[in-house]
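Could you build all of it, start to finish, from the sequences and the hints given here?
Chains as they are written, first to last, in our numbering: chain L, 1 to 386; chain V, 387 to 559; chain X, 560 to 882.
Rather than coming from a laboratory, the hints here were simulated on the basis of the structure.
Watch out, some of these pointers could steer you wrong.
Said to hold, decoys possible - Listed next, the in silico BS3-like pairs over lysine-lysine satisfying Cα-Cα at most 27 Å (straight line):
{"#": "1", "chain 1": "V", "residue 1": "407", "chain 2": "L", "residue 2": "199"}
{"#": "2", "chain 1": "L", "residue 1": "206", "chain 2": "L", "residue 2": "264"}
{"#": "3", "chain 1": "V", "residue 1": "407", "chain 2": "V", "residue 2": "391"}
{"#": "4", "chain 1": "L", "residue 1": "203", "chain 2": "V", "residue 2": "407"}
{"#": "5", "chain 1": "L", "residue 1": "69", "chain 2": "L", "residue 2": "346"}
{"#": "6", "chain 1": "X", "residue 1": "627", "chain 2": "X", "residue 2": "595"}
{"#": "7", "chain 1": "X", "residue 1": "595", "chain 2": "L", "residue 2": "206"}
{"#": "8", "chain 1": "X", "residue 1": "863", "chain 2": "L", "residue 2": "217"}
{"#": "9", "chain 1": "X", "residue 1": "697", "chain 2": "L", "residue 2": "17"}
{"#": "10", "chain 1": "V", "residue 1": "391", "chain 2": "L", "residue 2": "217"}
{"#": "11", "chain 1": "L", "residue 1": "206", "chain 2": "V", "residue 2": "391"}
{"#": "12", "chain 1": "V", "residue 1": "498", "chain 2": "L", "residue 2": "310"}
{"#": "13", "chain 1": "L", "residue 1": "313", "chain 2": "L", "residue 2": "69"}
{"#": "14", "chain 1": "L", "residue 1": "264", "chain 2": "L", "residue 2": "199"}
{"#": "15", "chain 1": "L", "residue 1": "206", "chain 2": "V", "residue 2": "407"}
{"#": "16", "chain 1": "X", "residue 1": "863", "chain 2": "V", "residue 2": "391"}
{"#": "17", "chain 1": "V", "residue 1": "407", "chain 2": "L", "residue 2": "217"}
{"#": "18", "chain 1": "L", "residue 1": "206", "chain 2": "L", "residue 2": "192"}
{"#": "19", "chain 1": "L", "residue 1": "313", "chain 2": "L", "residue 2": "341"}
{"#": "20", "chain 1": "X", "residue 1": "697", "chain 2": "X", "residue 2": "627"}
{"#": "21", "chain 1": "V", "residue 1": "407", "chain 2": "X", "residue 2": "595"}
{"#": "22", "chain 1": "V", "residue 1": "391", "chain 2": "L", "residue 2": "203"}
{"#": "23", "chain 1": "L", "residue 1": "203", "chain 2": "L", "residue 2": "192"}
For clarity, every value in this text was computed on a predicted model and none was experimentally measured.
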Amino acid sequence: MNLDLRLDTSGDFYAQKFQPTKRDDTLILNMGPQHPSTHGVLRILLEIDGEYIVRADPVLGYIHRMHEKMAEIMTYPQYLPNPSRTDYLHALAWGWAHVGAVERLMDIEVPERAEYIRVITCELNRISSHLLWWGAYLLDLGAFTPIMYAFDDRERIQDILQRITGSRLTYCYYRFGGVSHDIDQRFIEETKTQCARMKDRAKMFKDLVTDNFILRKRVEEIGEIPLDTCRKYGATGPVLRGSGLAYDTRRAEPYSVYDRFDYKIPTHDTCDAMGRYLVRMDEIQESIQIIEQALDSLPEGNFIHPKAPKRPKPPAGDVYFAVEGGRGKIGMHLVSDGGNKPYRLKLRAPGFSNLSLFSEIAQGTLIADAVSILGSLDLVIPEIDR
Amino acid sequence: MIVQKFRDTLMGLWSLLVGLKVTAVNFASPEVTVHYPRQVVPSLEGYRGHIELVPSSDNPQKSRCIACNTCVRTCPGACISLTASKPKKKEAESKDSAGSESGEKPKAKKEKPELESFVLDFNYCCLCGLCVQNCPTDALGFSNDVYLAGTGRQDFVFDLLARLQSQSAKTEQ
Amino acid sequence: MMDAIPTPVIVISVGLAATLAFIGLNALVLVYLERKVAGFIQRRPGPYEVGPQGILQPVADALKLVGKQLFTPRGADGILYWLAPMISIAPTLVCFLVIPFGPHLQIINSNVGLILILAFTGVNVLALCIAGWSSQNKFALLGAARDISQSVAYEIPLLLSVLPIIFITGSFNLFDIASRQGAWPWQWYVTYQPVAFVIFFICALAETNRNPFDLPEAESELTAGFHTEYSGMGFGMFFLAEYAYMVIASCVTAILFLGGFQGPVASGWWWFLAKVYILLLIIIWIRWTYPRVRFDQLLNICWKWLIPLAVLNLLVTLLVIAL
Chain L
1 MNLDLRLDTS GDFYAQKFQP TKRDDTLILN MGPQHPSTHG VLRILLEIDG EYIVRADPVL
61 GYIHRMHEKM AEIMTYPQYL PNPSRTDYLH ALAWGWAHVG AVERLMDIEV PERAEYIRVI
121 TCELNRISSH LLWWGAYLLD LGAFTPIMYA FDDRERIQDI LQRITGSRLT YCYYRFGGVS
181 HDIDQRFIEE TKTQCARMKD RAKMFKDLVT DNFILRKRVE EIGEIPLDTC RKYGATGPVL
241 RGSGLAYDTR RAEPYSVYDR FDYKIPTHDT CDAMGRYLVR MDEIQESIQI IEQALDSLPE
301 GNFIHPKAPK RPKPPAGDVY FAVEGGRGKI GMHLVSDGGN KPYRLKLRAP GFSNLSLFSE
361 IAQGTLIADA VSILGSLDLV IPEIDR
Chain V
387 MIVQKFRDTL MGLWSLLVGL KVTAVNFASP EVTVHYPRQV VPSLEGYRGH IELVPSSDNP
447 QKSRCIACNT CVRTCPGACI SLTASKPKKK EAESKDSAGS ESGEKPKAKK EKPELESFVL
507 DFNYCCLCGL CVQNCPTDAL GFSNDVYLAG TGRQDFVFDL LARLQSQSAK TEQ
Chain X
560 MMDAIPTPVI VISVGLAATL AFIGLNALVL VYLERKVAGF IQRRPGPYEV GPQGILQPVA
620 DALKLVGKQL FTPRGADGIL YWLAPMISIA PTLVCFLVIP FGPHLQIINS NVGLILILAF
680 TGVNVLALCI AGWSSQNKFA LLGAARDISQ SVAYEIPLLL SVLPIIFITG SFNLFDIASR
740 QGAWPWQWYV TYQPVAFVIF FICALAETNR NPFDLPEAES ELTAGFHTEY SGMGFGMFFL
800 AEYAYMVIAS CVTAILFLGG FQGPVASGWW WFLAKVYILL LIIIWIRWTY PRVRFDQLLN
860 ICWKWLIPLA VLNLLVTLLV IAL
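Spelled out as structure tokens, the structure:
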């Protein structure tokens, strides 16, 4: 038995590739796959000099579940539950991307009522995703109570969505040509109550957290991401909007009935973590606006196209469909060869592009700041690894 | 400049006290959690438990299933396995002799496959609902059986036909 | 036979036993209080199952900690590793000997009681340093390094904020300081020295590593800081020590600023305990409200705000006394 191997402390493949450094007074630290504040299994190799980070290198792949391969071996309806599991926080947006790609390729018309229902449920899901981000971000920074308040609100949204979709987290609600169940009057009333409640809670969140002196010192002027860095890495979503560019897929590549609603694109040009924080808090309010407008103007009609294909066989060709998820632009590039399974389904995860700029941004920051930056990027590692 | 800094610091300290007030208000407010198992959640409406067979309207002991295997083929996780007796030969025979008597045709229509077993392996089920939605006879539905606990994988392999029969026996009582 | 043993020895032995009991009891009560208060702030019940309303939860925690396997990490310095928790908790016993719980409830009436307490609470730094170093773990090392800087930096405003009280009373004797204050709240030193009270409280939070200054044990940044590698009774002793230091800090605050055992109606140990527990509740309340302060901001607060304010306060006090 090779006892030397047991005592070998030089690390694994990634650590050894990372090791050679020019300086010998730095410490190589592994914010390892098991860590309370990397949301999911993300491993970051750090070279630190005292408290300052000299080099940072994220290592991915610990939760690679081969979603794209699964798409190639499953038929289109069989794959419906899968995109929700990719990013379980904004599950409906990923589902929409998949269903929308097939609909665009096959020219399936979605009834108006179904489009409105999709908008309402997707925005509700966006609110719950941002609430969880908020709670988890503050947990990383050391405040233990806001996550509980956020989950209180989240549970109510999940109760609303549970009645019509059947699930609380990984919704499999959208179908090709519409949605699977219709919404009823009780859903509309509960959603309206919840929207009114969220506006009150926003004031409490602001008092407890956003205005808090200690939090502002932790979040302001941290993680400055200039706009050209965002462009270089293809960052989208609140990361990009927190750096000043008002790019939102709902306006840039319009889909569904979003052009009928009056909503702003929250943008802050401070480029720091506080900008991204405020963008997401404002986005919650904007989502509430969209939901209320959609509920007021909800048309009657079918909730699914009567001739919707149950076993779609798209014609040969390819299509790209993008939606605005909680983290950024979710894209699905579907290549079909005419069969009942996709030839290739490429998933574009916004988190992957957002994480890529971390190694450039983290240089010269403190470890505590690195934690704050990671939190402000709103990463969900399963979506990055797919 | 210095005045601005002092003002910022004072505003900051005031925000700390405001935060303490919020927590104090929440301290005095009632709890929002549900004391399971002393209490249960107010509504499980719509929440998907594992699937179960729906009894047919004329015979509660039998299900509506016609063993078309749509659910078996649609399931992404290949959770469902069913066996049924094969009546197709009987149908062919009655078609051959359809010309002789007119009374035999209705008999051929009544010959449905007899469901012998319907097993759901819940370990792989993702509760997508494709089986429920695509069943041509609406023979499947979601149950309210959500408080599941077991000590091994075998505990989650459900014999749905036996479940249907025991449920209908209970309702008869 | 009883004449052979000198009276002070008996007094101190009984006192130590009583102190151990007090620390243990306090730890149980504080653990329960902390989790219950945290639960209510977060709109949930907190411990509920073990015993009625969860009262026996700390006992269950203690049993769990005692029952765990005691192992030393590979490569860790065995002696230092197990010495650290003991160094952490030993000084607390000594500190309780000089605290006046009531007019006749003080084990040792020492003329240098305050200096004794301040000196022994400073030993905690050594314990954490040894713990972080001997764990053979980079996270623990970082946590220990942070903690040393934090504790050493916050000693200075701590002492500076205590000095005005000493100048006013003219002695280090805790009993004297407590008895010199009147029975009514406006006669306590907090009305004469509000700035010193606030500074002392903040420094006490920083010295005992409580939120918002709990970087050395920052759960989400460094896994668990200096006590990453400790489990079972080693962790239990650090835990116990932290609560004991919290109690000591609250006791000293109550004596120096809030009149000790004096109270409006009937002075006695009940007032003392009431004040100590109110201060502890405030510490717990603060913990569950604020996020963590970043390390360099923490040192900034100390050097740029607390020390100048404390020095200013001291100068003003001296000026007023001289006039």
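Check: Hint numbers the structure violates, sorted upward?
Finding: none
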